[in-house]
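The numbering of the sequence shown is numbering that gives the first Met the number 0, which starts it at 0 and goes up by one.
It cannot be assumed that every hint is accurate.
To be verified - Derived pair list, reagent style DMTMM-like, types lysine to aspartate or glutamate, alpha-carbon separation capped at 20 Å:
{"id": "1", "residue 1": "Lys147", "residue 2": "Asp240"}
{"id": "2", "residue 1": "Lys186", "residue 2": "Glu283"}
{"id": "3", "residue 1": "Lys57", "residue 2": "Asp8"}
{"id": "4", "residue 1": "Lys147", "residue 2": "Glu89"}
{"id": "5", "residue 1": "Lys146", "residue 2": "Glu87"}
{"id": "6", "residue 1": "Lys266", "residue 2": "Asp184"}
{"id": "7", "residue 1": "Lys146", "residue 2": "Glu89"}
{"id": "8", "residue 1": "Lys244", "residue 2": "Asp184"}
{"id": "9", "residue 1": "Lys116", "residue 2": "Asp106"}
Said to hold, decoys possible - Derived Cβ-Cβ restraints for the label pairs, each shown as a range:
{"id": "10", "residue 1": "Glu213", "residue 2": "Asp8", "range": "30 to 36 Å"}
{"id": "11", "residue 1": "Pro110", "residue 2": "Lys147", "range": "44 to 50 Å"}
{"id": "12", "residue 1": "Thr125", "residue 2": "Gln211", "range": "27 to 33 Å"}
{"id": "13", "residue 1": "Asp8", "residue 2": "Ile212", "range": "42 to 48 Å"}
{"id": "14", "residue 1": "Ala81", "residue 2": "Ile218", "range": "22 to 28 Å"}
{"id": "15", "residue 1": "Ala80", "residue 2": "Tyr281", "range": "27 to 33 Å"}
The set of hints was computed from the structure by calculation and includes no laboratory data. Bear in mind that the values here come from a model prediction, so they are computed numbers and not experimental data. Glycine included, each C-beta is placed from N, C-alpha and C at the ideal position.
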Amino acid sequence: MENEFTLKDTIVLVTGGSRGIGRGIAIALGKFGATVYITGRPQNAPNKLSGSIEETAKAVTNAGGIGHAIYCDHAIDDDVAAVFERIEQEVGHIDILVNNVTSLASDILSPPPFWTKSIQLADQITVGLRSAYISSFYAAPLLLKSKKALIANISYYGAVSYHLDPAYGATKAGLDKMTWDMAIDFKPYGVSVISIWPGPTATEFAVSLLSQIEGGEKIMKNFETPEFTGLVIKHVYLDPDVLAKSGSVLIGAEAAIKYGFKDINGKLPQVLKLGLGSPVVYFEVNH
Numbered sequence: 000m001e002n003e004f005t006l007k008d009t010i011v012l013v014t015g016g017s018r019g020i021g022r023g024i025a026i027a028l029g030k031f032g033a034t035v036y037i038t039g040r041p042q043n044a045p046n047k048l049s050g051s052i053e054e055t056a057k058a059v060t061n062a063g064g065i066g067h068a069i070y071c072d073h074a075i076d077d078d079v080a081a082v083f084e085r086i087e088q089e090v091g092h093i094d095i096l097v098n099n100v101t102s103l104a105s106d107i108l109s110p111p112p113f114w115t116k117s118i119q120l121a122d123q124i125t126v127g128l129r130s131a132y133i134s135s136f137y138a139a140p141l142l143l144k145s146k147k148a149l150i151a152n153i154s155y156y157g158a159v160s161y162h163l164d165p166a167y168g169a170t171k172a173g174l175d176k177m178t179w180d181m182a183i184d185f186k187p188y189g190v191s192v193i194s195i196w197p198g199p200t201a202t203e204f205a206v207s208l209l210s211q212i213e214g215g216e217k218i219m220k221n222f223e224t225p226e227f228t229g230l231v232i233k234h235v236y237l238d239p240d241v242l243a244k245s246g247s248v249l250i251g252a253e254a255a256i257k258y259g260f261k262d263i264n265g266k267l268p269q270v271l272k273l274g275l276g277s278p279v280v281y282f283e284v285n286h
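Kindly generate the complete structure, drawing on both the sequences and the hints.
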C-alpha cells in the first residue's frame, strides 16, 4: 500500500511551492503526514500563472499534513535567512530540504538564439542555482539536528542536453555538480544530498501552453503529474540506504521502477535517457 510509510513528524521545506512541481511535491509529502513549509513570493509579484503559497499550504493540510506558507524572494539572501530563522524557532530542525525554486522569464520558450531573448533568462542562475546554494547554506545547521536528513535538488535532463537556453542548461548542470560536491561535505555528518530529474510534467505552465496547441493534449498524455516527484522524494528518504545514494542524480522514472510505485494517475512515467541523455559520472578524488 502506498500509505504504508508515514512522514508524520517529518519537517520539510519546499522552495518555490506556489505552483508546478514544487506545489506537487509539497502536497504529495503532505499526504504522508509531513509538516511542510512552502516558500514563494507574494501573489502580487509579477506572474501570469495562478497559485499561491497560501493555497499550497492549505492543500497540504487538507491532504493530511501540516502546511505553512512563508513569503520569500530567493534572490534576496536576507529573506532566505529569515525563513530558516523562523523554522528553527518553530520546530528546531529540518529533515528534508527541497531546492525547487527557479526564475522563469516571460520569453523562456521563445526560439533561440539566446541573445535575441531577454537578458532576464540569466536570472535562472540566481534563482535556480545560486538560490539552492544559499538555502542549503542556511539549512545546514538545521539539517545536522535531524536524525535523518536529505537535500533534494530538482534538476532535469537539461543538465546534459539542450533545453530552452544556455542559462537553463548551466543551472541544471550546476545543480547536479553541486549535489555531488555538497554530498562530500555532508558525508561525515550523515546528511544525504541527491539531484532528481523529473520527466516532462503537467504543470500549470505546461498545461496552459500545450492546451492552445493542436495535439497538445496528446503530448501531455504521458507527462508526469506534479506530485510524482514528491513520491520519488518520499521513497528515497525512507530508503535505509539513502546515504549510499548521496551525491547521485536520480531519474524519477527509474526511481519508480526501483521502489515499485507509480504516479498518482496510475501510470509509470517513461525513462528518457535514450533521447535526452544520462547523468554525468563525476570523478571521486581521495582526499
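So, going through the hints one by one against the coordinates:
1. For the suggested pair Lys147 and Asp240, the alpha carbons sit about 11 Å apart, so the restraint of at most 20 Å is met.
2. Note on Lys186 and Glu283: the hinted pairing holds, with a Cα-Cα distance of about 13 Å set against a maximum of 20 Å.
3. Taking the CA atoms of Lys57 and Asp8, the gap is about 18 Å. The hint holds against a cut of 20 Å.
4. Only pairs whose Cα atoms come within 20 Å are accepted, and Lys147 paired with Glu89 is accepted, the gap being roughly 19 Å.
5. Note on Lys146 and Glu87: the hinted pairing holds, with a Cα-Cα distance of about 15 Å set against a maximum of 20 Å.
6. For the hint pairing Lys266 with Asp184, the CA-to-CA distance comes to about 37 Å; that exceeds 20 Å, so the pair is violated.
7. Of the pairs offered as hints, the one joining Lys146 and Glu89 holds, with about 17 Å between alpha carbons and a cut-off of 20 Å not exceeded.
8. Our distance criterion of 20 Å between C-alpha atoms is met by Lys244 and Asp184, whose separation comes to about 14 Å.
9. Taking the CA atoms of Lys116 and Asp106, the gap is near 7 Å; set against the 20 Å cutoff, the hint holds.
10. Between Glu213 and Asp8 the CB atoms are about 49 Å apart, so this pair departs from the stated range of 30 to 36 Å.
11. For Pro110 and Lys147, the Cβ-Cβ distance of about 45 Å falls inside the hinted range of 44 to 50 Å, so the restraint holds.
12. Checked against the hint of 27 to 33 Å, the pair Thr125 and Gln211 passes, with Cβ atoms roughly 30 Å apart.
13. Separated by about 44 Å at the C-beta atoms, Asp8 and Ile212 satisfy the suggested range of 42 to 48 Å.
14. Between Ala81 and Ile218 the Cβ separation comes to about 41 Å, which falls outside the hinted range of 22 to 28 Å.
15. One distance hint, 27 to 33 Å for the beta-carbon pair Ala80 and Tyr281, holds here, with the actual separation near 30 Å.
Hints 6, 10 and 14 from the earlier list are contradicted by this structure; the remaining hints agree with it.
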